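Please model the complete structure; the sequences and the hints are all you need to start from.
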Amino acid sequence: MAPAPTVGVLALQGDFEEHLDALDALDVPAAPVRTADELARVGALIVPGGESTAMAKLMDAYGLREPLRAFARSGSPVWGTCAGMILLAERIVEGRPEPLGLIDMLVRRNGFGRQVDSFETDVDFAGLDGGPFHAVFIRAPAVVEIGPAVEVLARLDDGTVVAARQGNLLVTAFHPELTTDRRLHAHFAAMLAVRA
Amino acid sequence: MAVTNGKETGTYQVKSGLAQMLKGGVIMDVVTVEHARIAEDAGACAVMALERVPADIRADGGVARMSDPALIEEIIATVSIPVMAKCRIGHTVEAQILEAIGVDYIDESEVLTPADEQYHVWKHDFKVPFVCGCRDLGEALRRIGEGAAMIRTKGEAGTGDIVEAVRHMRTVMEQVRRVEVMPDDELTAFAKEIGASIELVREVKRLGRMPVVNFAAGGVATPADAALMMHLGADGVFVGSGIFKSGDPSARGKAVVKAVTHYQDPAAIAEASKGLGEPMVGISTRSISAEELLATRGS
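Chains as they are written, first to last, in the numbering used here: chain A, 1 to 196; chain B, 1001 to 1299.
For the record, the hints were derived by calculation from the structure and aren't laboratory data.
Values in this document were obtained by computation on a predicted structure and should not be read as measured data.
Glycine included, each C-beta is placed from N, C-alpha and C at the ideal position.
Check before you lean on any hint, since a few could be wrong.
Derived contacts from chain B toward chain A, CB cut-off under 8 Å, selection only [claimed, not checked]: (1) Thr-1009; (2) Gly-1010; (3) Val-1014; (4) Met-1021; (5) Ala-1044; (6) Cys-1045; (7) Arg-1065; (8) Thr-1078; (9) Ser-1080; (10) Glu-1099; (11) Val-1128; (12) Thr-1261; (13) His-1262; (14) Ala-1290.
Label-pair restraints from in silico Cβ distances [to be verified]: (15) A/Ala-40 <-> B/Ile-1194: 45 to 51 Å; (16) B/Gln-1264 <-> A/Val-93: 34 to 40 Å; (17) A/Val-93 <-> B/Arg-1286: 51 to 57 Å; (18) B/Ser-1284 <-> A/Asp-21: 38 to 44 Å.
Quick look at which bits of chain A chain B covers, simulated, 3 or more residues with Cβ under 8 Å [what the hints assert, rightly or not]: (19) 9 to 18; (20) 118 to 127.
Now the structure itself:
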């Protein structure tokens, strides 16, 4: 039997260890990805929380931009959390950093304000059994517009989109890796299992 | 903590969570808007806005206070990454001012002249998170008990000498490893010995690590220094004087960032270390008299 495909976590900067721990808790094989060679060895990728400006600079400095685009366009599952969502977006209101331009949405950075406005709340996540998901938003981005191919998975009470999917691409404005609820990591691992 | 429309703000989770977003990154001291741009462009995950870097504070002497809020606001308006700023140890009102102008993190810092030689700020009362310095686990857990959501080593700021940061990180990590395997019936005596609450010592044992993110600070001057601190277990690195007191801040900033990301890859650190020009002029901490040491302020 072939070994189970590995979920990579982009490990340039941010809370990649928390994602690796979450996958480990589910017994999903996982590995950090810092180079194009390491990217070639995984079947799916999480782009973690962190500082999107720093991560974008490092992506360019280390020649990862095109390999990441090719990886996502080949149909491999990619999940962006917070900064990861900014990087996967088609467009950013502020114009910088330059995103990967993969999922058809317009995103505003720090869309809910500065750190003192960071918050936690429960959200209903479409298709997720077991009740609402407790979501932690830290200097989180806000989705301003979405394209017709994007399926909304969760909204705040005021209607703001905070989770969405377009084919193999999953984005959440919040951080499931910061809490102990592993349902979304299991959901993402299942996207890889379906493909494999 | 406040609750509006089912949203809870200012929780310990969102305060410590921002520190988690900074992991694997470099936080750079900046004194001008131009510095802030250079730092952001070099890949810094946050900047510390202040009027003088620690090397200049050390050289100038006198009383070092919170920076002009106008300068901090200018820097906030310039960069998209989080902006931190320093208040004096125990200076609750400087902290309130920094919260009011919207800084993302407050460093209650021994680099400034302490306002209170006995007590620190009660940080639980703030919505903005705090980072504090430590020399050992007891000091770290006392600060966390007061509400700090992130810890850094004190090192010896403004020297370019890494030896104190190494000593402090080694001490914290060694104590964490001891607690991890310590029998439960020895924890109370250990908590008393290090001056920390038993609850937080038990939390360290349960987690097998510090309860919050722990950065290195105080003396980092080269990419190799930064990578060394990562090897010793730091979650990331603060660079104070080391970048903007060097010959080529942009190149050195990028090199330190690369060394932190790729700290396990000596070839990458070697590449990053080439041709950076003059590092900051260092002062050996051994040559500094006891009363001029910053790390002994606040305990």
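So, going through the hints one by one against the coordinates:
1. Thr-1009: holds (5 Å)
2. Gly-1010: holds (7 Å)
3. Val-1014: Hint on B/Val-1014: holds, closest Cβ of chain A at ~4 Å, below 8 Å.
4. Met-1021: At about 5 Å, which falls below the 8 Å cut-off, the nearest Cβ of chain A leaves the hint on B/Met-1021 intact, so it holds.
5. Ala-1044: holds (7 Å)
6. Cys-1045: holds (4 Å)
7. Arg-1065: This hint is violated: B/Arg-1065 lies away from chain A, its Cβ roughly 23 Å from the closest one there, beyond 8 Å.
8. Thr-1078: Violated: closest Cβ of chain A sits about 12 Å from B/Thr-1078, beyond 8 Å.
9. Ser-1080: holds (5 Å)
10. Glu-1099: The hint holds - B/Glu-1099 has a Cβ within 8 Å of chain A, the shortest such distance being about 7 Å.
11. Val-1128: holds (5 Å)
12. Thr-1261: holds (6 Å)
13. His-1262: holds (7 Å)
14. Ala-1290: violated (37 Å)
15. A/Ala-40 <-> B/Ile-1194: 45 to 51 Å: holds (47 Å)
16. B/Gln-1264 <-> A/Val-93: 34 to 40 Å: holds (36 Å)
17. A/Val-93 <-> B/Arg-1286: 51 to 57 Å: Hint holds: Cβ distance 52 Å, inside 51 to 57 Å.
18. B/Ser-1284 <-> A/Asp-21: 38 to 44 Å: holds (40 Å)
19. 9 to 18: holds (count 8)
20. 118 to 127: Answer holds; 5 residues pass the 8 Å Cβ test.
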